[in-house]
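K.L.:
Based on the sequences and whatever the hints tell you, model everything.
Residue numbers (UniProt numbering), protein chains in the order written: chain A, 1 to 333; chain B, 1 to 333; chain C, 1 to 333; chain D, 1 to 333.
Quick caveat, the hints were computed from the structure, so don't treat them as lab data.
For clarity, every value in this text was computed on a predicted model and none was experimentally measured.
A portion of the hints provided could be inaccurate.
Each pair may be met inside one copy or between any two copies, as identical chains are not told apart.
[To be verified] Only pairs whose alpha carbons sit at most 25 Å apart, straight line, appear in this in silico SDA-like list of lysine to any residue: (1) Lys244 / Asp263; (2) Lys271 / Glu138; (3) Lys271 / Ala59; (4) Lys271 / Gly140; (5) Lys271 / Thr261; (6) Lys244 / Ala216; (7) Lys86 / Ala21; (8) Lys244 / Gly202; (9) Lys244 / Ala103; (10) Lys86 / Ala110; (11) Lys86 / Asp112; (12) Lys244 / Phe180.
Protein chains: 4
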Amino acid sequence: MMRIALFGAGRIGEVHARNIAANLRCRLAFVVDPDADAAARLADRYGGRPVAADTAMAAGQADAFIVASSTNTHAALLNALAPLGKPILCEKPVSLDFAEAEACAQRLDAADARCMMGFHRRYDPGFAEVRRRVQSGEAGRIFQLCIASRSWAPPPPDYIRQSGGLFRDQTIHDFDVARFLLGEPIASVYAVGGCMIDERIGALGDIDSAMVTLTAASGALVCICNGRFAAFGYDQRVEVFGTKATYLVGNVSADTVACGTADGWLSARPKATFAERYREAYERELDRFVDFAEGDEADIATHHDGLAAQALAEAALNSLQTRTPVEVFARAG
Amino acid sequence: MMRIALFGAGRIGEVHARNIAANLRCRLAFVVDPDADAAARLADRYGGRPVAADTAMAAGQADAFIVASSTNTHAALLNALAPLGKPILCEKPVSLDFAEAEACAQRLDAADARCMMGFHRRYDPGFAEVRRRVQSGEAGRIFQLCIASRSWAPPPPDYIRQSGGLFRDQTIHDFDVARFLLGEPIASVYAVGGCMIDERIGALGDIDSAMVTLTAASGALVCICNGRFAAFGYDQRVEVFGTKATYLVGNVSADTVACGTADGWLSARPKATFAERYREAYERELDRFVDFAEGDEADIATHHDGLAAQALAEAALNSLQTRTPVEVFARAG
Amino acid sequence: MMRIALFGAGRIGEVHARNIAANLRCRLAFVVDPDADAAARLADRYGGRPVAADTAMAAGQADAFIVASSTNTHAALLNALAPLGKPILCEKPVSLDFAEAEACAQRLDAADARCMMGFHRRYDPGFAEVRRRVQSGEAGRIFQLCIASRSWAPPPPDYIRQSGGLFRDQTIHDFDVARFLLGEPIASVYAVGGCMIDERIGALGDIDSAMVTLTAASGALVCICNGRFAAFGYDQRVEVFGTKATYLVGNVSADTVACGTADGWLSARPKATFAERYREAYERELDRFVDFAEGDEADIATHHDGLAAQALAEAALNSLQTRTPVEVFARAG
Amino acid sequence: MMRIALFGAGRIGEVHARNIAANLRCRLAFVVDPDADAAARLADRYGGRPVAADTAMAAGQADAFIVASSTNTHAALLNALAPLGKPILCEKPVSLDFAEAEACAQRLDAADARCMMGFHRRYDPGFAEVRRRVQSGEAGRIFQLCIASRSWAPPPPDYIRQSGGLFRDQTIHDFDVARFLLGEPIASVYAVGGCMIDERIGALGDIDSAMVTLTAASGALVCICNGRFAAFGYDQRVEVFGTKATYLVGNVSADTVACGTADGWLSARPKATFAERYREAYERELDRFVDFAEGDEADIATHHDGLAAQALAEAALNSLQTRTPVEVFARAG
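P.N.:
Below you can see the structure in the form of structure tokens.
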């Protein structure tokens with residue numbers, strides 16, 4: 001049974017802790033967080049001990065690490081974990097600073113470290129099923145991909161301020177989904193956007209509505225529609241158009257009740273939060289992390305994929321600012 | 001081009017008149033109605049001449065007849081038309097009096113008359129497609145059939161008063177659909193019902209809510225759920241359960257717009273009236289009547305089918321009154 | 001944190017064990033099963049100790065009991081647990097023998113025992129939401145209720161043999177759902193059925209296809225459509241028709257992927273097993289059991305409700321055999 | 001009853017002829033086509049006389065004109081019809097040559113001619129309903145609009161050759177829909193595209209897959225996804241995102257049958273051809289043309305709207321060729 005050390009006892013840390021407790025292949029050994037109370041609370045609920053970082057990293061203790069602490073600590077943690085020779089699951093991004101992320105990736109490579117990035121959507125039953133079927137060839141040649149990705153409500157200004165902006169914070173997941181579903185490098189990026197929904201976001205120099213067009217190496221076209229809000233709730237859909245089949249992945253409704261009156265049929269909103277919407281995705285992500293620890297890397301996002309998605313976010317920001325399409329370097333994939 | 005004489009210039013008469021005008025294989029030759037203005041109006045709009053009944057029935061005039069006049073005139077008209085040797089399309093029922101309907105059917109048979117009953121649902125694209133697939137065997141053995149059939153609003157007392165009651169007026173269509181989809185005779189009928197929706201209906205001795213259970217000769221079970229009202233509108237659905245496939249025929253929405261807000265997703269009610277809901281069914285019914293006139297009788301409801309459906313309505317009424325299941329005579333199919 | 005003793009380490013026992021482990025308000029203290037290995041395996045995975053029954057029932061040990069052992073042990077266990085003064089969650093039914101179930105209920109009452117029956121569908125998000133809205137009055141007067149309840153595949157003969165037959169094994173859940181959603185007693189029952197799907201079931205004297213019509217005290221009509229099979233999978237739907245609103249609770253799809261080709265749109269089957277379909281229902285059932293232990297009984301199924309549902313199953317069997325509707329005694333609710 | 005002269009007896013001409021025959025407010029007076037047989041056939045079926053153009057244009061004859069002849073005749077016909085003072089319904093585009101279309105529009109204006117362009121999607125029940133609701137303000141501020149518009153199969157090379165290319169032939173409808181739903185001018189256009197589906201289209205110098213991003217004056221973003229093919233059929237959807245409501249207009253299914261098997265649920269493709277899909281839109285378009293003739297211009301596309309949509313097509317072509325976004329002149333709206 002794989003012993004996991006968890007860095008970070010916040011919201012996403014708790015998601016991992018709960019899943020570790022429910023997964024029969026691993027258990028929560030350590031929780032590390034500067035907030036000792038938070039660490040103790042998680043350890044008490046889901047097993048494991050609240051410890052200092054060096055205890056968790058000591059030889060012969062943890063078999064694997066999950067980095068779910070605040071973003072500004074990821075790079076330093078990865079640098080420290082890289083030489084330990086244990087598998088790592090790291091929440092995205094490695095760093096909001098692209099150069100730092102790049103340097104960190106190089107250190108991971110130099111240490112032959114094995115690092116999986118927490119792009120949970122890859123493990124969503126719907127997205128994973130479409131990936132499988134596209135890879136099987138049953139869809140024929142893919143010519144278009146449409147990704148809808150909208151929050152249910154704008155996050156508060158404090159979140160926006162440290163988020164790195166829409167492209168680095170939200171669209172980065174869509175960039176990874178695009179790369180995952182197409183299975184090929186992106187050649188160019190064009191982005192438009194603005195502040196149309198919540199003026200506090202504009203006041204912070206960020207945008208809350210964007211459309212990003214990608215052109216893949218094969219000529220396949222990708223459209224990503226982003227927003228910090230949708231009137232009906234959390235919008236997470238994908239459409240893949242191939243010469244033999246089209247796939248739609250729809251939203252996941254909160255329930256299956258429909259109410260019919262003279263006004264028509266009223267059915268439920270999508271599941272409201274990322275934790276509910278992606279509940280199964282996070283459960284499977286953990287399971288895939290155990291697989292990854294055991295050597296199976298199929299469809300896993302590594303730190304190379306993380307860097308590629310970040311490069312697309314940087315290109316989108318560049319495009320938005322220059323109002324021109326931006327060619328992407330080959331490495332960015 | 002088949003010349004049609006239409007008896008009846010009321011609501012259903014106009015549906016036929018409009019479809020005749022739009023169908024390239026036939027034309028409206030005569031309109032007969034005791035209300036001369038109504039006949040003239042229809043003739044003016046859709047072609048043809050308003051005439052007296054004997055003119056329409058004169059030798060060498062009409063090639064086919066459609067009986068869409070008030071129910072209490074059907075039997076006499078069929079008796080008069082039977083010897084003419086021309087194809088007839090008659091709205092259901094032949095008569096609210098079962099003995100009279102039976103006698104009329106015998107006269108039609110004696111005269112070798114060819115009579116198609118206006119069970120329009122047989123020609124609905126959805127119901128017809130399910131019939132085709134059940135007949136093909138792809139569904140395996142059918143073990144259950146569920147028919148939902150509810151009006152969007154209770155009809156006025158004047159309509160109820162002359163309707164013959166729920167089973168003879170509304171359920172009769174469902175009895176025909178059951179026989180059509182199963183393709184086998186019904187062995188027994190059990191009905192429950194009451195006045196739950198509109199007390200004016202109860203005051204007239206009729207019911208506005210009913211459930212009828214049929215057992216077919218093979219053992220297949222049928223559930224018919226009827227009402228004079230559904231809160232969301234006109235409810236016309238069918239579910240067929242076979243050992244290899246299940247078929248659902250859903251309602252036809254008024255439009256495909258969905259509106260998403262914090263309350264959820266609001267989508268359109270079904271098409272509101274029988275004329276809108278069954279627009280294509282009536283168009284195809286007319287087309288099938290031209291086929292029938294030319295000798296093709298596949299899937300056509302004849303006056304024998306009309307009588308069989310009526311026998312089931314009588315059995316349901318009997319069951320409701322005696323509170324016991326009623327065995328159905330073989331002839332009733 | 002409520003300490004739970006679990007009787008039964010089989011399939012449904014494991015469902016409860018897993019949910020206890022994930023629920024922060026309780027923990028698994030003891031697992032009791034004649035199969036010592038099974039008990040040990042569950043205790044190892046989800047916490048707690050494998051013990052003999054008397055240890056689990058010893059004073060000062062468990063705070064609550066879950067009876068998830070084989071049906072033929074329920075009555076004896078309840079008799080033993082009744083005097084202990086602790087809340088009990090018992091899987092249905094108390095006994096396949098109605099007289100024994102009745103006697104057991106009397107003993108529970110005599111001991112003032114508090115017993116919740118495991119009718120998990122009451123805690124399904126969809127069914128519970130409809131109950132809430134019907135109770136609120138927003139649906140107006142309920143005149144019809146349609147319950148579809150079909151297994152995805154016939155169970156093996158060994159299961160059928162000890163099941164008590166379709167009505168006592170499967171329909172009993174639908175009887176409870178009908179009582180739960182209508183909130184009023186049932187007055188009469190009429191059942192038809194036969195063996196149409198799997199002849200091995202007929203060879204055992206059981207049926208695999210049934211339709212049951214209930215008439216409630218208010219005149220509301222209920223149609224329950226049952227089968228040991230549906231071609232598309234596990235079918236669990238409800239439709240409630242009120243004078244102000246209609247509610248539909250649909251199946252829960254395995255995923256939200258739709259694949260479009262020249263054949264049309266292919267979308268996923270429902271979740272395949274009761275454990276997947278009712279995952280949230282079982283989680284919430286446990287949570288409601290903790291509430292129940294703390295005194296909140298709203299919408300809880302007690303052993304009285306269990307007996308009422310069983311009485312309806314007996315009446316259905318009686319109706320099937322006598323081919324007549326059966327009046328239900330007042331007590332049966 | 002408005003007497004209509006119809007120019008063009010081809011496929012779209014027949015759609016109009018049939019609708020004129022079925023509409024009680026107008027009738028088909030003349031059919032003009034260089035192919036005398038085609039004109040005679042239409043006149044025979046739907047009423048009216050096959051005549052030469054000058055007869056149809058003679059004083060005191062037709063009350064209104066419909067131009068549904070081949071595209072290269074539109075401008076000359078409009079020039080001839082402009083001085084007659086009668087309302088005109090002209091299929092898009094006025095001319096594939098933008099300068100000629102512009103000159104023609106100036107002549108129409110100089111003659112005070114009243115010309116409605118055949119952008120039938122404006123009259124589709126779904127699109128029209130969304131327009132109505134957006135205009136009412138209930139959606140709040142519109143920040144995004146997504147238009148999916150894909151043919152069910154690539155047209156033959158002969159059609160492609162004279163089509164003017166994807167943007168002028170297909171996307172032009174989407175440009176009009178964008179202007180119609182947003183109700184404001186477009187500021188910039190960015191287009192990507194290529195030949196991914198049918199190499200014969202590429203061989204003719206055209207593209208068969210494109211994504212066009214529009215930025216409206218308000219900052220609202222529009223994404224148009226185009227293709228000459230979709231695996232499941234004719235794809236015509238719209239999504240409008242406002243700060244108070246989201247609207248989705250879905251495809252119109254060929255029927256409402258769903259077939260459930262072990263593979264899942266198979267439901268029908270969309271209606272296959274533009275004539276079926278937009279049957280009601282064309283019926284309403286004609287009805288609106290009669291309204292237009294009587295002075296009601298609400299939501300009507302005039303030749304100015306036609307020119308604006310064409311300007312966006314020219315800008316998209318320019319963007320595709322230069323690989324940069326193109327600012328649109330104010331007039332283009």
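K.L.:
Would you mind marking each hint as holding or not holding in the structure?
P.N.:
Quick rundown of the hints versus the structure:
no., hint, in the structure
1, Lys244 / Asp263, "between (39 Å within a copy, 11 Å between copies)"
2, Lys271 / Glu138, "between (30 Å within a copy, 24 Å between copies)"
3, Lys271 / Ala59, "neither (42 Å within a copy, 44 Å between copies)"
4, Lys271 / Gly140, "between (32 Å within a copy, 23 Å between copies)"
5, Lys271 / Thr261, "both (23 Å within a copy, 14 Å between copies)"
6, Lys244 / Ala216, "within (19 Å within a copy, 35 Å between copies)"
7, Lys86 / Ala21, "within (20 Å within a copy, 28 Å between copies)"
8, Lys244 / Gly202, "between (43 Å within a copy, 19 Å between copies)"
9, Lys244 / Ala103, "neither (42 Å within a copy, 44 Å between copies)"
10, Lys86 / Ala110, "within (14 Å within a copy, 61 Å between copies)"
11, Lys86 / Asp112, "within (10 Å within a copy, 57 Å between copies)"
12, Lys244 / Phe180, "within (19 Å within a copy, 33 Å between copies)"
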